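Peer 1: Letter by letter, the chains look like this.
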Amino acid sequence: MKCDAAQEAISLSMDERATLPPDVDEHRRTCPICAKFDAGAWRIREVARFEVAPPVPDMVPAIMAKVRDEEADRLLGWGPPPSPFRGWVDRLVYRRAAVLAAATGVILGLALTSGGLVPIGRVNTVALASEIPQELVRAATSLQGYRATFDITESHWTKAVPHRTFVATLEFMAPESFRVRVKDTTRYPSATWPRNDVSLVTDGRNWEVDGPDPCPSASLPACPTDGPVRRSIVDRPPFDARASMPTDVIVPMTVLAAADKLEVAGPDRVAGRGAVAVELAYQDATPLFQYLTFLGSWRPFFPQDRVVVWLDERTWFPLQYKVFPAAGRERSLWATQMGLPSEPSDQSVFVATARSLSTSSPPSKAFLVRPGAEVVDEGFLDDPLPTKPGSGCPRGSGPIQPCAAGGLRLYRYGRFPSSPLRPYTESVLAYASGLAWLTVTRVEGWDQPALFGIGPFPETVKIPGHKGVGYYLPATSTEPRRIAVHAAKGEFLLATNLPRARLLQVAGSMPVKGLPQPSAWRIRRWSGGVVEEGVARAKFALMTPSFLPAGYLQVAVQTATAGKSTGVTVVYRRPAAELDGVGLVLYQASGQTLAPPDSPDEQIVMIGPNTGRWSPEDHRLEWMDGSVYRSITGPGLDLATIFRVASSLREGSG
Amino acid sequence: MREPEPETIRRARAGDLRAFESLVRDYQADVWRFAYHLTHNRALAEDVTQEAFIRAYRALQSYRGQAKFTSWLLRIVRNCAIDAYRKTRRETPVAEHAEADLDLDRDRSATTSAADERARIHDAIRRLPDSLREPFVVIEVLGFSYQEASVILGVRVGTVKSRMHRARAALMLALSEEEEAAGEV
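Residue numbers (the working numbering), protein chains in the order written: chain A, 1 to 654; chain B, 1001 to 1185.
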């Protein structure tokens, strides 16, 4: 047998995982050249197939940004994507460099000071999005104290001051003492520029903010003229959303509870500590910025800008977070409108980095509030904590309270006395553990034809334990997750920063049964027409989407009739948090036409055979479908997604 | 390489960006490795990977399942690598692109004889002509069958078989020449 043929047969048998024909096998055993070929070929396979895999960069964000960009361009009729290879590749190379820089992060001097960090349990190097909320709750409920200093860099506030720097000092002591001081360390062109020094402090019962009022960038540097403002609140009810304690920067419960939007970019290291990088849209990350933006002037961000947060894998404290501009022309148009320069999507425009952090408790005097001249008295009166078990738990005779408060301890109890402006009594029980909290508000003598404490379009939910129904709203950027319960014993409102499932469990442990709201509350009549909640009724073909973005569910409907016009609103939301307070709203109406354009930024879009309009400012897609007006609004969603929902509309009951 | 769930492909074809994103997430490593073997350059492999997924997104409507998804995807990668190669050849001498990573690997691994052998084998693979290196990478490194390799490379199965054998023979020759040269020294 010839060696060439034998070696070809050896090669074939290796690839097809077949045994060698007997004659070839015999030749191989007796021919040193072919034996060497056989051994060498297997050695090469071993080396080639089992080499140590080189590290593979994460290209998902860059690829998907490009895909979404293309999709939006296509929908807007901006022509086919620029084809070949190098133009955008070059941009992506830069983006990669930026992402690598972000990933390696330069956080020299991160000091873990006395008190040490709370070990939260197992080291979670490949945290999954679905696990993170549970970890966050564990971290939040065990945290007693926290001190941190963040270095902050912000770009493109104004043309004259393209970069600003700040040092933010944060202190927290469970359950409700919080202080942040933000020192503006920017080198301004002159002393006339206002310094963005802001502070917020609360001890729970009192609350105060200090700093300059927001100032339009066009009027700078002449603004502000009146100097810093100081606003104080006394007799504050526990965990008051109107005078909030922006603690998401400590443990981002509100942000990352929206797990369906969470992208776990993977494990990383920041300043030598194991971290998990997660990515989310700015729209979902606003609570991370609230410890800065309660006063003063700050640059705007686009809802779809990307925020990358590096969470400490043992404690879940954010170690660093950055904002990268979204790609695409929608974003460019918005930037022009805002007076911002061109901002490449690979260059961060905001960076906050923990310089130091500790879990030692600050002294109580750090949270001392000295009310200034502008004081608002919220009128909450603290009462002694009830010593008896809650009524009905199982034989207690104390105030009505949950028999199981999600592992939290009763911490404050009090009331708003009735007054001419508030002709009802409102009592509040507050429970807390670490950063986690829950309030149970009971209202007696309620005289309004609406659920207490809940805005429009609540989701009707079954309360566990056959406790009837409640009316739920997810967290927004200004409100916590809430359930309103209309019961024979009065109106109840449960509010918390715990996840929705825990809130429902607590509601299920209440010794009351939730009743459907009275029809007079659900149907509102006025001289111009009728608005009816919970009903979708029209004399035209109502359509429902066969596609919804991940996590979105239909939660509420409403029909409004005025004269010959009927409009049906259907609301879709993610259950845990919808920070824009809107979600996705589908509106269909007869007797209504497409209004004339009112903004130069509006774009013409084809939706099937119909001509429609995209309003980037409102994130609204609207069109006439024959004689029926339809619109879809989603502040947290991009055009490609909203367009897809629109394209999936079909006739049906939904 | 494992195939994706048919439902994921169906959803991606229907325009579901999250489904497409899951495909990107699942296959970016395999695609990058293939691109790296074809280009010898990390940055270029990354560009090729990104371009390949963009082209796959555009072409997904035309994917009818006539070939395995992975074969179809890697064929796109190969085409992108060829385009990238043509482009870089026009702009920059190829030698400048094919370099730094190789040298780094060599430096790192030249400390032991076993590592030295691995480096020599990798060098020899890199020096194969494209027509032989491509089937070698697809079959030997990525573990595809002849049939799948023929789809990826756009040549007949018989051609794949013969090129694969010639690749092995060329590698053996190159390695034995190196050994002889080392012996003479």
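If you're looking for bench data, these hints aren't it; they were derived computationally from the structure. Note that the structure is a prediction, hence the values are computed from the model and not measured. There's no promise every hint is true.
Stated by the list, open to error - Calculated lysine to any residue pairs in the SDA-like style (CA-CA distance at most 20 angstroms, straight line): (1) B:Lys1161 <-> A:Phe540; (2) A:Lys36 <-> B:Arg1120; (3) B:Lys1161 <-> A:Arg17; (4) A:Lys36 <-> B:Ala1174; (5) A:Lys36 <-> B:Ala1170; (6) A:Lys2 <-> B:Arg1120; (7) A:Lys36 <-> B:Leu1173; (8) B:Lys1161 <-> A:Lys539; (9) B:Lys1161 <-> A:Ile523; (10) A:Lys36 <-> B:Ala1181; (11) A:Lys539 <-> A:Ile523; (12) B:Lys1161 <-> A:Met14; (13) A:Lys2 <-> B:Ala1170; (14) A:Lys539 <-> A:Gly591; (15) A:Lys467 <-> A:Lys564; (16) A:Lys2 <-> B:Glu1180; (17) B:Lys1161 <-> A:Ala41; (18) A:Lys2 <-> B:Arg1055; (19) A:Lys36 <-> B:Ser1176; (20) B:Lys1161 <-> A:Asp4; (21) B:Lys1161 <-> A:Ala404; (22) A:Lys36 <-> B:Glu1180; (23) B:Lys1161 <-> A:Leu12; (24) B:Lys1161 <-> A:Glu8; (25) A:Lys36 <-> B:Glu1177; (26) A:Lys539 <-> A:Ala520; (27) A:Lys2 <-> B:Ala1181; (28) B:Lys1161 <-> A:Gly40; (29) A:Lys2 <-> B:Glu1179; (30) B:Lys1161 <-> A:Pro21; (31) A:Lys36 <-> B:Arg1042; (32) A:Lys36 <-> B:Leu1175; (33) A:Lys36 <-> B:Ala1169; (34) A:Lys36 <-> B:Glu1021; (35) A:Lys36 <-> B:Thr1159; (36) A:Lys564 <-> A:Phe540; (37) B:Lys1161 <-> A:Gly567; (38) A:Lys2 <-> B:Leu1173; (39) B:Lys1161 <-> A:Leu20.
Peer 1: Run every hint past the structure and note whether it holds.
Peer 2: Right, here's what the structure says about each hint:
1. A C-alpha spacing of about 65 angstroms is found between Lys1161 (chain B) and Phe540 (chain A), which places the hinted pair above 20 angstroms, so the restraint is violated.
2. A distance of roughly 17 angstroms separates the Cα atoms of Lys36 (chain A) and Arg1120 (chain B); the hinted pair therefore holds under the 20 angstroms criterion.
3. Under the criterion of a C-alpha separation no larger than 20 angstroms, the hint pairing Lys1161 (chain B) with Arg17 (chain A) is consistent with the structure, at around 14 angstroms.
4. At roughly 14 angstroms between alpha-carbon atoms, Lys36 (chain A) and Ala1174 (chain B) fall within 20 angstroms of each other, so this suggested pair holds.
5. Taking the CA atoms of Lys36 (chain A) and Ala1170 (chain B), the gap is about 14 angstroms. The hint holds against a cut of 20 angstroms.
6. Between the alpha carbons of Lys2 (chain A) and Arg1120 (chain B) the distance comes to roughly 29 angstroms, so the proposed pair goes past 20 angstroms and is violated.
7. A distance of roughly 11 angstroms separates the Cα atoms of Lys36 (chain A) and Leu1173 (chain B); the hinted pair therefore holds under the 20 angstroms criterion.
8. Taken as a hint, the Lys1161 (chain B) and Lys539 (chain A) pair is broken in the structure, with Cα atoms around 68 angstroms apart against an allowance of 20 angstroms.
9. With a C-alpha separation of about 76 angstroms, the suggested pair Lys1161 (chain B) and Ile523 (chain A) falls outside the 20 angstroms cut-off, and the hint is violated.
10. Annotation: proposed proximity of Lys36 (chain A) to Ala1181 (chain B) holds, straight-line Cα distance about 18 angstroms (limit 20 angstroms).
11. Our distance criterion of 20 angstroms between C-alpha atoms is met by Lys539 (chain A) and Ile523 (chain A), whose separation comes to about 19 angstroms.
12. Distance hint between Lys1161 (chain B) and Met14 (chain A) is fulfilled; the C-alpha atoms sit about 11 angstroms from each other, no more than 20 angstroms.
13. Distance restraint check for Lys2 (chain A) and Ala1170 (chain B): the Cα-Cα separation of roughly 18 angstroms lies within the 20 angstroms cut-off, and the hinted pair is therefore satisfied.
14. Restraint check for Lys539 (chain A) and Gly591 (chain A): satisfied, since their Cα atoms lie roughly 11 angstroms apart, inside the 20 angstroms limit.
15. Under the criterion of a C-alpha separation no larger than 20 angstroms, the hint pairing Lys467 (chain A) with Lys564 (chain A) is inconsistent with the structure, at around 41 angstroms.
16. As the CA atoms of Lys2 (chain A) and Glu1180 (chain B) are separated by approximately 24 angstroms, the hinted pair breaks the 20 angstroms bound.
17. A distance of roughly 15 angstroms separates the Cα atoms of Lys1161 (chain B) and Ala41 (chain A); the hinted pair therefore holds under the 20 angstroms criterion.
18. Straight-line distance between C-alpha atoms of Lys2 (chain A) and Arg1055 (chain B) comes to about 46 angstroms, which puts the hinted pair past the 20 angstroms bound.
19. The hinted pair formed by Lys36 (chain A) and Ser1176 (chain B) meets the criterion: a straight-line CA distance of about 10 angstroms does not exceed 20 angstroms.
20. Distance restraint check for Lys1161 (chain B) and Asp4 (chain A): the Cα-Cα separation of roughly 14 angstroms lies within the 20 angstroms cut-off, and the hinted pair is therefore satisfied.
21. Among the hinted pairs, Lys1161 (chain B) with Ala404 (chain A) is inconsistent with the structure: their alpha-carbon atoms are about 70 angstroms apart, more than 20 angstroms.
22. With a C-alpha separation of about 15 angstroms, the suggested pairing of Lys36 (chain A) with Glu1180 (chain B) holds against the 20 angstroms cut-off.
23. Restraint check: the Cα-Cα separation between Lys1161 (chain B) and Leu12 (chain A) comes to about 7 angstroms, which is no more than 20 angstroms; the hinted pair holds.
24. Restraint check: the Cα-Cα separation between Lys1161 (chain B) and Glu8 (chain A) comes to about 9 angstroms, which is no more than 20 angstroms; the hinted pair holds.
25. The suggested pairing of Lys36 (chain A) with Glu1177 (chain B) holds, with an alpha-carbon distance near 14 angstroms, which does not exceed 20 angstroms.
26. Distance check on the hinted pair: Lys539 (chain A) and Ala520 (chain A) sit about 24 angstroms apart at the alpha-carbon level, beyond 20 angstroms; violated.
27. For the hint linking Lys2 (chain A) to Ala1181 (chain B), the alpha-carbon distance of about 27 angstroms lies beyond 20 angstroms, and the restraint is violated.
28. With a C-alpha separation of about 18 angstroms, the suggested pairing of Lys1161 (chain B) with Gly40 (chain A) holds against the 20 angstroms cut-off.
29. About 25 angstroms separates the Cα atoms of Lys2 (chain A) and Glu1179 (chain B), which puts this hinted pair outside 20 angstroms; it is violated.
30. For a cut-off of 20 angstroms, the pair hint linking Lys1161 (chain B) to Pro21 (chain A) stands: about 17 angstroms separates their Cα positions.
31. A C-alpha spacing of about 34 angstroms is found between Lys36 (chain A) and Arg1042 (chain B), which places the hinted pair above 20 angstroms, so the restraint is violated.
32. Straight-line distance between C-alpha atoms of Lys36 (chain A) and Leu1175 (chain B) comes to about 12 angstroms, which keeps the hinted pair within the 20 angstroms bound.
33. Of the supplied pair hints, the one linking Lys36 (chain A) and Ala1169 (chain B) holds, its CA atoms being roughly 11 angstroms apart against a limit of 20 angstroms.
34. Taken as a hint, the Lys36 (chain A) and Glu1021 (chain B) pair is broken in the structure, with Cα atoms around 46 angstroms apart against an allowance of 20 angstroms.
35. Restraint check: the Cα-Cα separation between Lys36 (chain A) and Thr1159 (chain B) comes to about 25 angstroms, which exceeds 20 angstroms; the hinted pair is violated.
36. For the hint pairing Lys564 (chain A) with Phe540 (chain A), the CA-to-CA distance comes to about 12 angstroms; that is within 20 angstroms, so the pair holds.
37. This hinted pair does not check out: Lys1161 (chain B) and Gly567 (chain A) have alpha carbons roughly 67 angstroms apart, beyond 20 angstroms.
38. The straight-line distance between the Cα atoms of Lys2 (chain A) and Leu1173 (chain B) is roughly 18 angstroms, inside the 20 angstroms bound, and the hint therefore holds.
39. The straight-line distance between the Cα atoms of Lys1161 (chain B) and Leu20 (chain A) is roughly 16 angstroms, inside the 20 angstroms bound, and the hint therefore holds.
Hint compliance for this structure: hints 1, 6, 8, 9, 15, 16, 18, 21, 26, 27, 29, 31, 34, 35, 37 are broken, all remaining hints hold.
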